[in-house]
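Protein chains: 2
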Amino acid sequence: MKYLHTMVRVSDLDASLNFYCTQLGLRELKRSENERGRFTLVFLAAPGDEGACVELTYNWDPETYTGGRNFGHLAYQVDDLYALCSRLQAAGVTINRPPRDGHMAFVRSPDGISIELLQKGGPLPPREPWKSLPNIGTW
Amino acid sequence: MKYLHTMVRVSDLDASLNFYCTQLGLRELKRSENERGRFTLVFLAAPGDEGACVELTYNWDPETYTGGRNFGHLAYQVDDLYALCSRLQAAGVTINRPPRDGHMAFVRSPDGISIELLQKGGPLPPREPWKSLPNIGTW
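Protein chains in written order, with the numbering used here: chain A, 60 to 198; chain B, 60 to 198.
Treat the hints with caution; some may be incorrect.
If chains are identical, the list can't say which one is meant, so a pair holds when it fits in one copy or spans any two.
Think about it this way: if two alpha-carbon atoms lie no more than 30 angstroms apart in a straight line, the pair counts; the simulated BS3-like pairs of lysine-lysine are [to be verified]:
hint: 1; residue 1: Lys190; residue 2: Lys179
hint: 2; residue 1: Lys61; residue 2: Lys190
hint: 3; residue 1: Lys61; residue 2: Lys179
hint: 4; residue 1: Lys61; residue 2: Lys89
hint: 5; residue 1: Lys89; residue 2: Lys179
Keep in mind the hints are simulated off the structure, nothing from the lab.
Turn these sequences into a full structure, and let the hints guide you.
So this is what it looks like as structure tokens:
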């Protein structure tokens, strides 16, 4: 038995690829378009960790996706939490839970999927501006 | 960067462990209880695939968890899709999307998390009773 992927639905494929790939750092592995079902599937994974994917389902007929409480978040270990949060912030992504402790941050995808980012190898030394930043919203 | 886990909230820890471990076949790797936060975290993974977890969050204060459309499902590759579906069905789990094609099935966790089960190595030959079973509900 093997974990393959977590599927999330996305309302704007370009905005989601910008978030998950350009900003977050995942890479597109595979894409398939289904004319009859009117949907596109895109599989993403962290570089070097291609066994565990996120599957983006983009239904061509517009729908606004909201969340429920049974799903919590996707979690990734990252090499440099501060550098990643700076990049995300510069790209306009809200850092809902800033990495005040050098250990953990939370952001949300364009469709409200909560993403936990955890520093590889244990917490970095707490550092401004992160140390003083308040939480924004929920995650 | 590395995928760590998908977190889901569970309203009944015993029922969820029965579903994810006893029925589905995941194993508990780690458990922590937080008295102050009044929650328990349990990390599960498929045997031999411990790098990719499901994190169950059990909040001690009761809450009913429902789903949203932005999260789709968790997907696992399994060794014998028919055997697993038989075991799940015998345990009272609804097979929402029976493996009519020998390739794919969908079930739901006690809190409505959709789980996709995919046959390892490609589809098995279609076989009764699965071949004739209708869908039940949504997944």
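For each hint, the structure was consulted:
1. Lys190 with Lys179: within (18 angstroms within a copy, 46 angstroms between copies)
2. Lys61 with Lys190: Answer is between: at 25 angstroms across copies they meet the 30 angstroms cutoff, but 38 angstroms inside does not.
3. Lys61 with Lys179: both (23 angstroms within a copy, 9 angstroms between copies)
4. Lys61 with Lys89: both (19 angstroms within a copy, 18 angstroms between copies)
5. Lys89 with Lys179: Result: close both inside a copy and across copies, 27 angstroms intra and 19 angstroms inter.
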